[in-house]
Every structure is written in structure tokens, then in C-alpha cells.
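Protein chains: 2
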Amino acid sequence: MTETTPKYDILGIGNAIVDVVARAEDTFLSRHDMHKGAMILIDSAMADTIYAAMPPGQESSGGSAANTCAVAAGLGSRVAYIGKVADDQLGGVFRHDINAVGVHFPTTPLSGGAPTARCLILVTPDGQRTMNTFLGACVTLGEDDVDPALVAACAVTYLEGYLFDPPAAQAAFRKAAEAAHAAGRRVALSLSDAFCVNRHRAAFLDLVANHVDILFANETEITALYERNSFEEAAEAARKDVALAALTRSEAGSLILQGAETVQVAAAPTKVVDTTGAGDAYAAGFLAGLTSGRSLDLCGRMGSIAAAEVISHYGARPETDLRKLMPA
Amino acid sequence: MTETTPKYDILGIGNAIVDVVARAEDTFLSRHDMHKGAMILIDSAMADTIYAAMPPGQESSGGSAANTCAVAAGLGSRVAYIGKVADDQLGGVFRHDINAVGVHFPTTPLSGGAPTARCLILVTPDGQRTMNTFLGACVTLGEDDVDPALVAACAVTYLEGYLFDPPAAQAAFRKAAEAAHAAGRRVALSLSDAFCVNRHRAAFLDLVANHVDILFANETEITALYERNSFEEAAEAARKDVALAALTRSEAGSLILQGAETVQVAAAPTKVVDTTGAGDAYAAGFLAGLTSGRSLDLCGRMGSIAAAEVISHYGARPETDLRKLMPA
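Keeping their order, the protein sequence lines are chains A and B.
Take the first sequence: its letters are residues 45 to 372, numbered as in my numbering.
Take the second sequence: its letters are residues 45 to 372, numbered as in my numbering.
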């Protein structure tokens, strides 16, 4: 274990994506064979087809781990991010927004290839978001984008499960996990999506058991990972598998498991407008607390408060100064 | 006067712009020498400088007349729009959004030149917006983009005052006004901004007196146009000058003048979040009413309700179905 003080609290690695958010009725989802609440991968042609059919949208920077980085930076954490955009207008938007919240973003943009990734997000009247991701430039994120010295300088390296979709990113993922552990740092993983878990279950099970120190998942993701029928059984499986797990259950709050310790945290009250980014914001609040030495209960409450702010409006990034909402 | 039934109710002509909206403190405005509530034109270098200093933003389609078109289409009007984007990603966003609300948008995009126009909008805690516009591709909008047959097919041709800033657009503006009157249609003008009025007062005075049938202006714009000290004096000057004037006064509502007739309309109650697009939405509601044969009082109320919805959230376009908010 190194004794060096980390330069950054959190290093996020993920798919660098610009969100296009539009409101839609449930009939829009069924007409386009979308599974409500899920994320599916689409190709360029399908992106054009869905976009052409979509209502007017609002564009803003997204990407699961990038959202977490932006929220954590807003809470005062020192944050770095690795992800691949193209050198186009949307890539410029992504870079501007993550830099503007103070996140160090050293990844070289892709030139002359696919455009910056877009996620077409339909928000139904119940506040649920359904996501259609065109990965674009993200598919070129690879090992070369991971600087082991940067990883070693970060207390926690946070990886999104979506990284397992673009093939080259898996190698980046493993390289980062190895570099983190070699430097005595911790590795966190978010399972991202139940469908993503189903696509990559064997790899995730291996990772969680052998390479992950902190696991984030919601109820459907954790039951999908361990193929259990109840949340309780899946949670106990996670307790045995990983040093620290933070499991979210929407309005039922979150459950934090660390060895024999169990902490139950209530959800922060809010009016749900758009659930996009809820899990990302929870992880941000939790990790901001953890890397500043707070108790698990306080980490969970910081996660809940950050998530509550993000789901109270359209878009995955905070619209208020989160520090003012946090407990002392 | 032609007796042909118009194919469209409204043809908007304006600067086709994508908005980048961010929240900022008043100190940000003073640090960058911005005049709160005004629109200034900036060049590409200044756009880069301001953008680099700006907080994270949300991108959405804007442009004054384009906003009016989008709102009117949402109210059921048949609408067309002329404006110049580039064939880049932001141009694609603009085209998608205006098509998605059902607006006919035939203008050929600019290829190989300046990028799509951007307006960097800072929204201060009081809800006021301060706008910095990089005109980009808009400066190439010209006479050739105005199809007289399209103008002749529209009951009202609506021109934004901002069109007087890019030089070639003035010719487009005059060509459209002539084509409209030749076909027995009406020409509407929005003064856009008091600073814009000051830049082009002589041209605006000539237009209003000789070529405009319906004038939209707020209190500062109408007093700037006629260089009067009071709203009342400026309103009386407008009454003499133009067949129909709709003058807005924020929370004090609007005053509609038509010959000897005077109609006072109250503002619709709302909580102000971001005033971007308030005047555009008022004009949309008003014109949607006018072109469907409503009374002046009802036209004004439709304008007030549309404006109230738009200022209740960030961004210049409605987030709800406006038809449900309208009086029967």
C-alpha cells in the first residue's frame, strides 16, 4: 500500500456522451420497441431514425461516470475523468462542461473518425428515462487512454459498467483496475443497467469478486448480477463478494453493506421529473463522502441528496449548488 | 387584396441560433462587461473566450423568430420559417427541433463556411437573461433565401428586429415585406432589443411607418424607438404609426392598440425562472390567436399564457402542451 497522498479523490472512466433529452408519451416507446427504463445500444442509422421521430430536445453533457465526476466536483471533490469524444461540436460541448466544473479531462479527442457519442433519452410522464445510445467515438477508447500514473494519483478509480459494451474499453477497464491496486488505491464499479449486466454477467462476476472494492448497483442490477429472486438474497451475495456495496432502491432509499455492517439510508424527499442520472449522482455523493472520511451513513445521505436534486429537473447534472444541500 | 386562403398562418424570418444556457451570478456579467438583459453581438474569438469562462450549459434551439414559430406551431398554427444554419451538428439540432414541432423549414444550410450561430445566455438568479450572440452562418442569409411564393402563401410574415444586424438579411427583410404586401398579406415586426433599436433606429422608423402592419415591442424597445421618456407617450406614437401594436410590460401585462381601440391585458401568473424567449412566446400566442380570428383581448391573453409557460423554466421553448393552458 502506498502512503502517498492522492492528487485526486476520484478518477471516473466511462463513455463520454452528450445527452439529447426529450419528453415523450409511453406510446412513443412502444411504437419504437423501447423497453422503459433501459439503455440500449443503437447504430448510426438507428440514431438518425429515432432522432427524426423524436420531439424537440435539449442537449447537455452526460455519460454515466462523467455525470458522477461532475456531481462530485460540484461537492468539492478533486476529480479527473477519462473518456473519448470526437473533435466536433458536441465533443466541444462535453469538454467545456466537464472542464467548467473543474474536472481534469486529459483524454485526446478522436479526429477524423466517428462523431461524439449521443444518448437519445425519452422521458415519460412518470419521470422514467429510456435511453438509446449511439457510442460513436467511445468505441475507440482503449488501453492507451489510461495513464497508470494518473490512476495511481487517484484515491478511487470509478468505472461504469457500460464500459463493457465497447470492446476496446474492457482492456482500458482492466488496465485501470490493475494500476489502481498496484498503487494501493481502491476500485469502484457501477453496474449501470440490468441489460448491461445480462450482456456481461460472467465478466462482471469475476471483476466484482476479484478486482472491485466498492460496488454500486440498483435493485434490478444486483438481482440480475447474482440471478436471485429477491433483493435481500442478492444483497447478501454482494456482501460476501465485495468489501463495500451501496445498493439503491429508488424511493426506498439505499442499503450499504460493509463486512458485517449494514446501514439503511432513506431517500431524500423530492418531486420526480426525470430520473436520468439518479444512480450517477448517488455514487458521486457517496464517493465524495467516502473520500473525505465521512461515515457510511453520511456517505449514503450525501448520495441520496445529490440524487434527489438531479431527478427534480430534466437532465443528469445538478442545477443548484449541491454543497448548500448537504448535511454539515 | 388576394382572396386566396393562405397555406400557412405564420412565416417567421430570423437568425437561426442554438442557445447555450447557463446560470451565472451577477458578478459574472460585470466581470465580462455584459449589460444585464441585453443582447450583444460577439465574434468567434469572443465566443470562445466567454464560453471558456461560462459554467456548464444546456443547448437547445433558439433564435427569436424561430422560438415564435415553434410556440405558434405548438398552439396549432400552420407555420413556416426561413433562417440560415450551417450543415454541422448544431445546425442538425436546430433543424430537428423546428421540424419536430411541425414547422416547414426550407432554407438550404450553409456549407463550408461559418458554423451555426450560437447565443451564449447567462441567466442570473433574478431570472433575467443576458445574451451574447455569435452570428456564424446567419450572416449569409440573404434575398435568395426568400421565396416570394412562400411569403405569398402565409397570412402573416413575422420578422425579428435582430435581422437588421447581419447586413445581407436587411435585403431579405425588405424583399419579404414587399412580397407579403403584394399578395395582400400582413407584415409583423418584433423590435427584439432596445440596443438593436438604437443601432438601426432610422431604418426601423421607416419600416414601422411604411411597411409594418403589426408591431411587437416591450417597454424599453418602444421608448427607444420613439425616443420618448414615458411608455404612454411612446405607445401613443406607435398608435399613430402602425395599424396594430402589441406592447408588453413584463409583470404589468400588455397593451394592445388598434386605431382608437385600446385593450389592456394582464400578465398570466407564474414563477420566473428564466425570461429567455418571453417576448417571442407572447408574439406566438398573439399571432396564433389573430390568424385564427380571435378578439384582440383573447390574442393578448394567449400571448401572456404562452410567455408565462416559457419563463417558468430554463430555455425559450415550451415544456408543456400549450393548447391545454389556453382559454376555450
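Any given hint could turn out to be false.
Copies of the same chain are indistinguishable here, so a pair counts whether it falls within one copy or spans any two.
When the alpha-carbon atoms are kept at most 30 Å apart in a straight line, the in silico DSS-like pairs for lysine-lysine are as follows [what the hints assert, rightly or not]: (1) 51 - 219; (2) 368 - 219; (3) 284 - 368; (4) 315 - 219; (5) 80 - 219; (6) 51 - 315; (7) 315 - 284; (8) 51 - 80; (9) 80 - 368.
For the record, the hints were derived by calculation from the structure and aren't laboratory data.
Do the hints match the structure? See the list:
no. : hint      : in the structure
1   : 51 - 219  : within (19 Å within a copy, 62 Å between copies)
2   : 368 - 219 : neither (37 Å within a copy, 55 Å between copies)
3   : 284 - 368 : neither (36 Å within a copy, 54 Å between copies)
4   : 315 - 219 : neither (40 Å within a copy, 51 Å between copies)
5   : 80 - 219  : neither (34 Å within a copy, 50 Å between copies)
6   : 51 - 315  : neither (37 Å within a copy, 43 Å between copies)
7   : 315 - 284 : neither (35 Å within a copy, 51 Å between copies)
8   : 51 - 80   : neither (40 Å within a copy, 39 Å between copies)
9   : 80 - 368  : between (33 Å within a copy, 26 Å between copies)
Going down the numbered hints, you'll see the structure goes against 2, 3, 4, 5, 6, 7 and 8, while the others check out.
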